[in-house]
Structure formats: C-alpha cells, structure tokens
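S.K.: Both chains are sitting in their own frames, so use the hints and assemble them into the complex.
Protein chains in written order, with this note's numbering: chain A, 11 to 495; chain B, 248 to 724.
A hint or two may mislead.
Footprint (simulated), chain A over chain B, 3 or more residues, beta carbon under 8 Å [to be verified]:
| id | segment |
| --- | --- |
| 1 | 287-294 |
| 2 | 330-341 |
| 3 | 524-532 |
I should point out that these hints are in silico values taken from the structure, not numbers from a laboratory.
Where is the CB? At the ideal position from N, CA and C, for every residue including glycine.
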Amino acid sequence: MSALHTKTLTELAGLLQSREVTAVQAVGACLDRIEATEPAVRALITVMAGEAMARAETLDAEGPDPSKPLWGVPVVLKDLLTTRGVRTTCGSKILKDFVPFYDATAVARLREAGAVLIGKANMDEFAMGSSTENSAYFRTANPWDAERVPGGSSGGSGASVAAGQCFAALGTDTGGSIRLPASFCGIVGVKPTYGRVSRYGLIAYGSSLDQIGPMTRSVEDAARVLQVIAGHDPRDSTSVNAPVPDYLAGLGRDSLDGVTIGLPREYWGGGIDPEVEAACRAAVARAEALGARTVPLSLSLTDYAIATYYIIAMAEASSNLSRFDGVRFGHRSQGAEELIDMYTASRTEGFGDEVQRRIIMGTYVLSSGYYDAYYNKAAKVRRLLRQDFDAALGQCDFIAGPVCPTTAFRVGAKADPIQMYLMDIFTISLNLAGLPGMSLPVGLGTDSGMPVGLQLMGRPFEEADMLSVAACLERNLDPMPLPAL
Amino acid sequence: MSRYETVIGLEVHAHLKTRTKIFCACSTTFGSEPNENVCAVCSGMPGVLPVLNAMVPEYAAKMGLATGCEVNLKSVFARKNYFYPDLPKGYQISQFELPICEHGSVAIEVDGQRKVIGLTRIHMEEDAGKNIHSAAENASFVDLNRAGVPLIEIVSEPDMRSAEEAVAYLKELRSILLYLGICDGNMEEGSFRCDANVSIRPVGQEALGTRAELKNLNSFKHVQKAIEYEVARQIDLIEDGEDVVQETRLYNADKGTTHSMRGKEEAHDYRYFPDPDLVPLVLDPAWVEQWRAELPELPAAKRTRFMADYGLADYDAVLLTAELAVADYFEAAAKAYSGQARKIANWVVGDLLPSLGETGIAAGDCLLTPARLAGLLTLVDDGTISVKIGKDSFRDLCASGDDPAEYVRARGLAQVSDTGELEAMVDRVISENPAEVEAYRGGKTKLMSFFMGQVMRLSKGQANPGVVTKLIQQKLS
Chain A
11 MSALHTKTLT ELAGLLQSRE VTAVQAVGAC LDRIEATEPA VRALITVMAG
61 EAMARAETLD AEGPDPSKPL WGVPVVLKDL LTTRGVRTTC GSKILKDFVP
111 FYDATAVARL REAGAVLIGK ANMDEFAMGS STENSAYFRT ANPWDAERVP
161 GGSSGGSGAS VAAGQCFAAL GTDTGGSIRL PASFCGIVGV KPTYGRVSRY
211 GLIAYGSSLD QIGPMTRSVE DAARVLQVIA GHDPRDSTSV NAPVPDYLAG
261 LGRDSLDGVT IGLPREYWGG GIDPEVEAAC RAAVARAEAL GARTVPLSLS
311 LTDYAIATYY IIAMAEASSN LSRFDGVRFG HRSQGAEELI DMYTASRTEG
361 FGDEVQRRII MGTYVLSSGY YDAYYNKAAK VRRLLRQDFD AALGQCDFIA
411 GPVCPTTAFR VGAKADPIQM YLMDIFTISL NLAGLPGMSL PVGLGTDSGM
461 PVGLQLMGRP FEEADMLSVA ACLERNLDPM PLPAL
Chain B
248 MSRYETVIGL EVHAHLKTRT KIFCACSTTF GSEPNENVCA VCSGMPGVLP
298 VLNAMVPEYA AKMGLATGCE VNLKSVFARK NYFYPDLPKG YQISQFELPI
348 CEHGSVAIEV DGQRKVIGLT RIHMEEDAGK NIHSAAENAS FVDLNRAGVP
398 LIEIVSEPDM RSAEEAVAYL KELRSILLYL GICDGNMEEG SFRCDANVSI
448 RPVGQEALGT RAELKNLNSF KHVQKAIEYE VARQIDLIED GEDVVQETRL
498 YNADKGTTHS MRGKEEAHDY RYFPDPDLVP LVLDPAWVEQ WRAELPELPA
548 AKRTRFMADY GLADYDAVLL TAELAVADYF EAAAKAYSGQ ARKIANWVVG
598 DLLPSLGETG IAAGDCLLTP ARLAGLLTLV DDGTISVKIG KDSFRDLCAS
648 GDDPAEYVRA RGLAQVSDTG ELEAMVDRVI SENPAEVEAY RGGKTKLMSF
698 FMGQVMRLSK GQANPGVVTK LIQQKLS
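This is chain B alone, in the form it adopts within the complex (with noise of 0.2 Å):
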C-alpha cells in the first residue's frame, strides 16, 4: 500500500457533432482541405460578428441533463484572451463566470466498486484552429478548418483516485454522449480530448498536492500511462525531497513519459470578460424540459436492464452497452433468438466485437444482422452444425452478409445425425484401430476421445458429436 494518494480531475473536450460551426454557417467536416471550411466570422475577419448555433446550447444542455447538472437558464459567454496563430480573434469565445450546466456527477465502477464522480460544470465554446510546422519549407501554415467548430468542455472535480478511475470515467463520459448522439467519441481525430490534472498527496492528509496538468493524451491506453508515469515521477520528487512544480507536461506515447512544456502556458492571464458582441444566452425552461424528455435511454440504465431482463454478467454488460449500436444490435438479436439471451451475449462479447474491432465496421451496420445471428445460433441449437462450424463461419458471414442457412447449405457445412453413416463411420476406426480398441476395452476409456477425433476426421468435422459418442460407446461395450 503507497503512503501516497493520487488526485485526478479531467478536463474534457468534446467536439459537437453540429452540421455547422458554433458561431457561423460553414462545415464541421473533418478531413478537408486546409481553409477549406472557412468564412470571414470563423477566420476572424475585421468587423465580423458572431451569431450562436442554436443546436450548441440544446446539445450541451443536453449532456449536463444526462450527468445530473442544474441547467443554467441564463448562461453567458466570455472571451478568453491570448495570442497564438491558430486562434484568429485573438481570444477563444468561450464561457467563464455562467456557463450552461453546473453540479453534475457521473457513476463509475472499478473492480466492482461503485463510485461518484463529481462533475463541476460543462460548457461551451470554439475550437481553434492547427498549426502546421514545414520543415521542408521552413515555414508554418495555419489551418482554420477546425476554428469555430463547437465544444463543449466537461469539468470533473478532483475525485478520481486511480488511473483506472480516470478511465472508467472517460470512458463513461464518452457512452453517454454517443448516447445523446452529439459527439462520434473519435480520440484520435481529436473530437474527444482530455487533459488530466494530477497531484498526489500522503494518505490521510486534506490538502491537496501541487498538480501538473497532462496533454496530448490521445487513447485511453495513453491516459492510463500518463497519469501512472506522472504518479511515479511526483513520488519520486517528494521521496527525494524536491517540490512537483504547476506546469503542464506533455505525454509522449513512443516514451511513455511526461515532459514540461516549460512555463510558458502558465504566465498566461486570460483576461476573461463578457463578451459584448452576444447577449446572454436566455434558456426557456420549456425547452429544457422537452430536452429532459428527449434524452435517451442512457448507458447505466441500460446496464441495469440488460442485467435485469437478460440475466447478463456486469462484465458482459458493461461490454455491451458502452456503445449503443452494440447494444442495439444486442437486443435486436436477443428478441429475434428464442434460446437464451446470455448465449447472443457471449457471441457478440466474443465474436462480433473482435471481428468489429479489426474491420473499423460499427455494429450497426455489420451485414451479419441481429436476425441472422439469431439465425446462425438456431443451427447450432438445432443441432444442425456443431458450435465448431458455427463460429468458424462468423467472420465469412459478417463479411458477404450470406443467410446462415443458405451458407451452410450451400457449403454442405450441416452435421451429420443419420446413424447408418455415422455407424459406418464408427466401424471403420473400430477395425482399423485394433489395439487402441484392445486397450478402450482393457479400462483405458480416455481413448474416447481418440477415437472421437478420427471419426471427426472422417466426417470432416461435421459429426454430430453426441451421436458418435453414443455409437462407440454400443460398439466397444
């Protein structure tokens, strides 16, 4: 057991998945040309005004609804202000002293403990644009494609303890917004960014530690790392008697370290202050209650139901309903299946997620549909082809979307059950295998299966297992 505590509060970015930018009319689209998507508002133009996105408010609303937050009916933007070439204005339109959403939580469970994690406030504001270092040309170039693309910023309180908390937070901060549909979660397109605030502090003491805050943490797995290198290295410090200092440290993945981004970020004074080009953003509470009423199904209920209705393990749960098209696919194919729920579950666990995870398909439009996996472990169930040929024959299917029955018909891939072949079968291993049935009938009947395994052969594996048992177990008798 350390002497030391780990403090970590996050800090998320979550894109928006807008049709438009948060303060003018043109593309969110990511990929583009650079200064492809860019009009004078968002390139920040003299003389230009910006005009509110009117989705932006209801999206954010809408995520501090799903957490629990108080719904700020009348919110206000401020301009952030510092210099840096991918920031056109000179000040990022964001929100400060009244943002949308406040006093939130979100539950999370780490080895079966439960645990609430305050969050502080949600709310919104633009992104920035890229800058693009040449080498080659010996120049840089500012791309503003991504200037103006909605965000919103997502506060924890620092009440995470571990990186497995951190993680399980992000990652429960990330279902619940594929939920809501307002943000595609893509880490490394950047639509979902966190940076991490971390600080330790010996066990038992109130005050909190001197925290260095984490960037460029890009995946889940670079989160983890992080935040557990920079916990070894603070330890370090104060086991050596030196100071952790406030700074920000960047994560390098091919390392696995933090480095310092040196002072430079945190001389920054922001200089935050309404800004006077847009009137304070006025919510009717009617609109927040129909937003209320519009919320979807969200992923811990859905958890609790799937455990409830379906008689699912937490972990195969918690497996299918971090993304809600699995879930969707989960429970479109356990309706459509007559045997029970928790066998779809397994095969979606361990068949449909791996084969979705090297494909890059999303569940919802894998061509094996919940109704033909529903189909395909019918044949099993029914005895028509072994478990064996069943989930050799998943990833074929996933891939030419073929009718299960149509496939094992067309391939001749169903089981052998007629016991005059099978017999034939059985009696040709008996005579060829002399001594081993000298030795079956001697007391060895772990050779069983030896003779089990030939006959498979025979049938190219498409035996029906019980049969056979059954056939030699008449025959050596």
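Extracted from the complex, chain A is given alone in its bound form (with noise of 0.2 Å):
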C-alpha cells in the first residue's frame, strides 16, 4: 500500500468500495504524501488534516455505499470553491481569515457523493493569473521541476493532483485556468460547458467566463468526478436544467472511426515552441491511427480574443470584487477617518497588484464614454467568436490543438503582464464562446523535458462524447509517467 498515491481515482474508488483499502488509510496516505511533498511544492493554502481524517473515520464506521462514487476519495479543492467552516482565501490577503457558513453547490455535491475534502488549493489571487506566481500567500513549484510554475490560476490544485497528493482537484477555469494548469502538470483537466456546473459558492471572477471543473490523473477519474458535480442547480440562474449523461457510459471505445478532428490553422500556425507542437502533432497522428478523420479549418478571430477575454472578464471582475469593501467580511483597514478611505486603504492593503490592475482596467471600460467603444464592441465581438467556433464544429466533431504555445516556464519568466496574458491565447476563446474543453497529457517536452497537453473542445454539452475520444487517445499514448518527487 506504500504506493497508494501513484493510483488513479477510479483504482482507489474501487479498492475503497471492496474495502482492500479504508477511507483512513487512503486519506492517511495523502496526508502523508502531503507531508512528504509539500515542502518543495507548496500546493495547499489550508490542509483539512484533523478533519479529514474524522471524516474518513465516520466514513468507515459507517461503511462503503456503493451509491456514493467517491465513496472516501480524498479531494482538493481550489481554495475558491466556498467551504462550510473552513477557511476560503481566494488567494487573496484581503480574505485571509474568511470562513463561510455555507459550501459551494460542487463541494456539497462532493461530500454528498462520499468525497474526503482533504485540502484548499493555491491560486493567483481571485484566478487572476496564469502561474500561481500571483497568490498573496506563496508560489507554487511545479512537481516536475520546481524552479518551474505549475500554470494557473487553478496552479495548487494542478500541482497537488500530479504530486499524489489527492485523487482529484476541482479548479475554475475562466480563461484556461484548469486547462493551463493540467497541461503544465501532466495531468487530465476539463472546463465543462458554461452551464454545465453550477457557480454557487464560487466567488467569482468574471461571472460570464468561470465554470468548475475537475484535474486528474487519468480521463475516467475526471468523469467520475464530473458526473457527480454536473447538473441543474437552482440556486444558479446560469446552470442549465439539462439532463447529465452518463459520462463513464462511453468511455470504453476503442477506435475513433468516424470522429471528424477539426485542426484550426490558428493554433498550429507559428509561434508554438517546437517540442509543443512535436508532441501534439504526434498524438493528432494517433488518433488519425485509431480512425479518425482530420480537417483544416480557421477559427479566423483568435487573434481578437485576447483583448475581448479581458476587457468582458475585468469589467465583471471589477464589480465582482466590489464587495470586498472592509464593511461585512475580510480585511478591514484600521484608523481610517472617513468611509472613503476605509474603503481605499482596506482594499489596497488587501488585493495584490494584478488585482489592482485588472479591478482599474475593467472600472475604466466600464465608464461612462467608454462603455461603447470596449465593453459593448468586446460583447459583439463575443457573438461572433461563438459563431466561429459553431461554424467550426459544423465541419468537425471536436477540435484540437494545444493548450499553450510552450510547456511550463521557469518562475518569473512572465513578468510583463501582457507576456503573461497571451498564454491564454489558445484557451480563453472558448471561455468566451462559453463551450467544453479539456487538456489531456500527451507527453514530455523533448527539449525541457516538461509534460504537454492537447486540448479538446466540442460542442455544447457534448462532454460525453468529447471524454470519450480523450479516453481512446490516452489508451493509445505512452503513459504518462508520475514526476519524480
């Protein structure tokens, strides 16, 4: 059992449910892996130690539902996702010592489904980055090289996932932020259809754009935890009261005859680091092996994605954050004499620089004058991106091209914030066209050794359909090793 940690969701969830392996065993052992590994990774602002581990034992005494499918699975969640008396940080100083009352719609839907929460994960402050590297508290090294970042903004859950120390992580994702994060770690991450989970309890950054997903070691496992927090919720005017599939149903197949491989000349044209491409053309090739038909296309408005992503998702981070005003929770600057500078001095001391300026920039978009020329242009430009990609997906089944132009970087490499906002360049369109993605590893960098990741996209909820061609892929790729830790 010393290996415990190198399983994937999917062995544990059965091992826990013939009960070979209890609940404080498998939780034990992440604790442990946590212990081990934590120091040189950093993953977790907040670890659930004591009360994990009276979970797992309740869990025990009480004995395996085979109606809970994670029955006893430890999970980490990015520590965005509200928890009921557990501290949620954002990442951010200003909630430092914030614990709410209530959990998240997913998080509820996880303990309901037997899942131990074990850990919050690191993040860039309020999923404002692409690192990790912008968390109030510390950065977070990526397991397979530690002078590397894991990816962001869903960064700590990535790096926890790949390190072994949890079975699962569930991220957010509003411009690549699970995606990023999973191909930099070499692991399984999805952004679901806007819609698909629900947001509550996720404090958000740009309300239009976040959606909750799972990063995993394996595309079964991200079912699995799919399956479990996909569905209507009426507490989110947004979640959309559509029946859920059965994600795991498909998963089996073992040929891609007949799946049509739309390849964007957009996201294989140049500009990508070579052993990026090398490593995605090679698993287009599989695939094309397994039966699969590729076709050229254009998604021909790549290239006015990045600015509308920031001008939509700041203007609405820029209200978002406006509760975060010192008044009711949070940081309160002290000695202030009027309201006004409570104000600015509570949420100066309390929010990082990139939050600054993404809260500035999304405030003057906003503004009287400006309203027309970017937030309203940004929105039309959204239709037609959506257009795009639906004209697309009318030549294709899905979609695939990398998740970035190059594997993870070394820390500090992205100082500018505009070098680090285009490496969302081939992710943040389909936030915007609010449609399902995922990254899946398809191996190691032959330059830096670091893993890459394909991504997927497809149609309107049709993650079913899209897991199952990343599940046929992954079974015809080489294995992904585990990073030496």
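M.R.: Structural data, given as structure tokens:
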C-alpha cells in the first residue's frame, strides 16, 4: 500500500468499495504524501488534516456505500470554492480569515458523493494569473521542476494532483485556468460547458466565463468527478436545466472511426514551441491511426480573443470584487477617518497588484463614455467568436490544438503582464464561446522534459463524447509518468 | 401669473408586497430585529448568486399593464455599481437598458382639469439596507433586513407643472398600486417613496432648465411643500442673476426647506452593465395576457362608474375610490341600503373616513360594517332616530360593533313621535313661557325655534321635530 498515492481515483474508488483500502488509509496516504511533498511543491493554502481524518473515520464506521461514487476519496479544492467552516482565501490577503458558513454546490455534491475534502489549493489571487505566482501567500512549484511554474490560476490544484497529494482536485477555468495547469503539470483537466456545473459558491472572477471542472490523473477519473458535480442547481440561474448524461458509458471505445477532428490553422501556425507542436502532432497522428479523420479549418477571430476576453473578464471582475470593501467580512484597514478612506485603504492593503490592475482596467472599460467602445464592442465580438466556433464545429466533431504555445515556463519568466496574458491565447476563446474543452497529457517535451497537453474542444454539453475520445487516445498513447518527487 | 413655468418629473420607488425578497428566500417583514431577515445572498457573501423571485416580474408587469405600458417580453437585469455600507455587493441589481415596462401614462385631475402624465418606464430592482449611526457609541451599524426587498421604480416624463399636479399623480399611482395589491403604499415606512426632479423655465421657453433632485419626501404634504419651496428658491436664484446647480437636495420637514447634499452624489458613474449572474428575463406572452385579464377595476374606472351608477359628485368619487377597501365598503353599504347611495357617500366621507383616520383602522376592519351603516341610515330615514342621534352614535358603533337597532333600543334613543306625549311637552312649554307666546302671536314667528329648542330639551333630543313643529303651530295659531 506504500504506493497508494500513485493510483488513479478510479482504482482507489474500487479498492475502497471492496474494503481493500479504508477511507482512513486513503486519507492517511494523502496526508503523508502532503507532508512529504509540500515543502517542495507548496500546493495547499489549508490542509484539512483533522477534519479529513475525522470524516474518514465516520465513513469507515458506516461502511462503503455503492451509491456514493466517491466514497472515501480524498479531494482537494481550489481555494475560491466556499467550504462551510473552512477558511476560503481566494489566494488573497483580503480574505485571509474568511470562513464561509455555506458550501459551494459543487463542494456539497462532492461531500454527498462520499468524497473527503483534504485541502484548499493555492491559486493566483482571485484566479487572476496563469502561473500561481500571483498568490498572496506563496508561489506553487511545478512538481516536475521546482524552478518552473505549475500554470494557473488553478496551479495549486494541478500541482497537488500531479504530486499525488490527492486523487482529484476541483479547479475553475475562466480563460484557461484548469487547462493550462493541467497541461503544465501533465494531468487531465476538464472545463465543462458554461452552465453545466453550478457556480454557486465559486467566488467569482468573470461570472459569464467561470466554470468549475475536475483535474485528475486520468480521463476516467475526470468523468467520475464531473458526473458528481454536473447538473442543474436552482441556486444558480445560469446553470442549465438539462439532464446529465452518463460520462462513463462511452469511455471504453477502442477506435475513433467516424470522428472528425478539426485543426484550426490559428492554433497550429507559427509561435508554438517545436517540442509542443511535435508532441501534439504525434497525438493527432495517433488519433488518425485510431480511425479519426482530420480537417484543416480556421478560427479566424482568434487574434481578437485576448482583447475581448480581458475587457469582459476585467469588467465583470471590477464589479464582482466590489463586495470586498472591509464592511462585512475580510480585511478592514484600521484608523481611517472617513468612509472613502476606509474603502481605499482596505482594498489597497488587501488586494495584490494584478488584482488592482484588473479592477482599475475593468472600471475603465465600463465607465461612461467608454462603455460602447470597450465593453459593448467586446460583447459583440464575443457573439461573433461563438459563431466562428459553431461554424467550425459544423465541419468537425472536435477541435484540437495545443493548450499553450510552451511547456511550463520558469518562475519569474513572465514578469510583463502582457506576456503572461498571451499564455492564454489558445484557451480563452473557448470560455468566451461557453464551450467545453479539456487538456489531455500527450507526453513530455523533448527540450524541456516538461509535460505537454493537447486541447480538445467540443460542442456544448457534449462532454461525454469528448471524454470518450480522450479516453481512447489516452489508452493508446504512452502512459504519462508521474513526476519524480 | 408667474413668468416662470415649473417642470416636474417624479421617480417613485414602490416596495412590492412579496413574502420573500427579490433574489433570496428571506422574509420582507418590516420592523424585525436588525439583520434578522438576512442570508448569504442578501448580505452579499462571496460566491453566492441571485435567483429571481417569480412574483416580482408579475407584479411589475401588472403595474405596467395598469398604466398602459408596453410590457417588454425580454428584459435585462443590470448592475448599478457604487460603494456604500448599506449596499452589500457594492452594486445594486436593477434594470437599465431593457426595463420590464415602458411608455405608459396616468391621468390626473387638478381643479377640474384632466391631464395625462407620461410614464417613461417601470423597472425592477433590489432595495439597499440601512445605515444606523449611533452618536452614543460613536459607531455606525448596518441593518440589511431591507437589502433585497423588491422594488419597482416608476419614472415619469417631466410632464407635471405644479406641486398640486405632482401630488395628484403620486396619489393616483399609490391608488393603482393599492388596487393591484402589490404595494402597501406606506410612505412613512418607506414602502412608497418619491424623488422629485424640479426645474423652472421662462414661460414659452422650450428647453428645460437645470433641475434639482429632491429627496426625503415622506408624505404628500412634504412633496407639496418641498416643490413649492424649491420652485421659489430657483426663481429667486434666477431673478438674482444666479444659476441653478444640478444637484441632489434634501427636504427638511421641520424647516420646510431644501438643502444641498453637496456634489458627492453627482460624481457617481454607476458603470451599468448586464448582470452576468442573471439570464435575460423572458416572459411568455400568455402570462402577460393572463395578468392583463387578472387586473381589477382600476381607480379611474371605478370613479367614473361611481359617478354614473350612484350619482356621486366628483369630489366624493375621488375620496371614495382612493383606497380599494373604502370603495368596497361604500359599494357594499350602498347595496345594503334601500335609499339613495349619495346619502351613504355623505356618511362615508363625512363620518367614516375621519373616524378611520383617527383610529388607524382599515375600512375593511371597521366594526360598523357596511350592512350596519345601511341599518343606521334606515333608522334615520324611518324616523326612529334623528340625524343628530345617528351622527352622535357613529363613533360608538364603530368602536363597539353593536347592531344599530339594538344600540338605539338599549339606550332608549328612539325618537318620540307619540303625539300625546309630545302634546304634553308642548303644553308645558307654552304655559311656562307666556311672554314668548305673546310675542309669537304678535308676529315674531322666528320664536318657533325657541319653542322647538325647549321641547327638545324636555325630550332629551328625542322628539320628532316634524311632529313638534306641527303641534306648536296648531296650539299657537
């Protein structure tokens, strides 16, 4: 049992149900692993050791429950999902001591399914960043190379899963924040269709873009977690009231006959590191060998995606983050005489530079006289982007491309915010279009030795098909090794 | 005739009478302990989301239908961003570009002149909480019970030309809201609030003058006085060669004046944008038609009908229809009464309304029920009691709920019409007042009222005046 942490969630769930492994053993193995790897990785802001162990003991006393698919499975949550009674920081000083009295719907569904929450993962402050260097607490290292970033903003979640600290993590993806760290850390990350998973309890960054999704060590693991968290929630008006299909049913397919994969020239053109392109092309070639047909196509508005995305996300963020004013919860600056000074000081002290930058820019694009030139125009481009995708997905079943032009970059390498924003070039269009996508590890880069992720993008609410294609490909690629920690 | 014309537009905020708040399940009860009716959603905790209360669009649309608005089948919630401690999210969820109702109107009447006031729009929004400042503790507190209570904002065109028109418009809006049963209309508790945009311009000038927005108008009287004061202030400024400043001004009810809130408020750029947490509200045309079918008879229609069906004067019709409960009371009493409805109207306007005003009891709860009022009037009509006894008994009957006939019998208030009994009284008055009898017979017939008064005194007011007059005339002729 010493290597329990190397198992997939699917394997562990089976062992737990058959009582070959107890919940206490599973949680114990993760806590041991956390103790062993945290000094190097620093993936977690809060480790829920006592609570997790108590919960595992309760579960063991009750015995395995086949109706609970995640019974006894240790899970980590990005620290912007609210957890009843457990500090939720958003990676920000302004929420340093914030303890919610309510669970996010996705969290409640995990608990309901028998999962054991064992930690809250580090992240870029308020999910603003692509490297987890923007956490107010500490930066998280990539488990493959401590000098490199794990990606972001769900970098703590990605690193924790890759390091074997847990069997699944929840991340959130506003512009690539699940897929990028999944790619950089060599794991599977799924961004569901907007509206598939309830956002209730997700501390919002860009409300029209945010979506919660699973980060795991296998496609089947991701399907199992998505099965639990997906579905309508009356507490989220933007969650879609449509039945959740069986995400496991199609995972056994052994060929990709009849599947058409679109390869947009904007994703495969210049600007991609050769090692990334090589690994992705090899994976596509494998798909073709399995029977898939590939077609070249164009997503011609890709160039406008970054500008469009940042206008919309920052506009929404500037409003979403207004509630952090020091009045009811979170950091309040002491000693201010006037109300306006209290607001200004609390927010200046509580928010980091990147958050302040985005609030200021978001405020600007919504300001009277600029609204039409920025926000309104971005909203129009966004509709066109969605049409662009709809047209492309009329010619193919899935779109494939790299998640990111590079593998995990070195710490501090993207000090210029614009350079950092460009890391999202292949991921953000999908959020603007509201479509589902995922990162599938397809190997290690030949130069950097770091993981490369292939991105699959699909039609709305067709996650089941996307997962089945990914599972088939995963089975037919060389197994992804675990990082040597 | 003034050289200036007053221009007034009103923004009315009406609390909707829903059981729960607009975006969460908290109670809307007024007067609870501070922060008793508060949850994660209405206190703006991180991560929570709003879910629209289905009653709110129904009520808002009904108000639109009652005021001739177009109901937009698609409307959008927008965020109005500003910082204030009573605003938990740092933005108010309201409507901006696509409100639920637009382009309506309300007819008013002032000094017999009918006038139509345009309604620009009606939109739905959430109310904010309340800041409470404690001088004793040198601290401020926030009560969020009101945060998230549903409101509709009704915005008029700048169509009113006097304080009287403004008040008439407000009274009409309030009546309609009460008829629809969607607002309790209580101005003191703030469930019916109004801001007035007031400007003046030289008579004949097309362009609008610079306006001031008046706030803190908690009664119709305040609205009237604040506008009158503000108009006089603006005329003085212009006559003195100064400019009116566009600003928000607070009405001070004690002094009857308005004063500037300083420019702070005006600096706001609310940065409206569609709320991404709420999908656009789409109404099924069938619902709108059903709501239209459910509209009750509205005050204006009822007024016209009361005048036609019951022969009421305009003045009485206005008073009787202002509140649905009063109108219903009147109609029930008129139906139970065999005489002229106008008489019922006189009693309701002259006696019932003042009595309700003093006691604060609603017409529907008055113990003198419509049927009993009809009974009381019948007792007067058939001579059982005098009008005076009837009026004197009115408040007692309102308070006790006694049956009028019982009440009269138990207290021996019935009028004396027995000629034998009355004849004895008349004889006694004649014999006790020889000088007056002499004078009367000499032609001073005005003394009739003296004799009448004496007989009434002897009968403790219960003598039938008609019978007494006849007897006196017989005896002294």
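S.K.: Each hint needs a verdict: does it hold in this structure or not?
M.R.: Each hint, compared with the structure:
1. Counting residues of the segment 287-294 of chain B whose CB lies closer than 8 Å to any CB of chain A gives 6, which reaches the minimum of 3, so the coverage claim holds.
2. Check result for the segment 330-341 of chain B against chain A: holds, 6 residues qualifying (beta carbon to beta carbon below 8 Å, three or more required).
3. Coverage of the segment 524-532 of chain B by chain A holds. Counting CB-CB distances below 8 Å, 3 residues qualify, and the rule asks for three or more.
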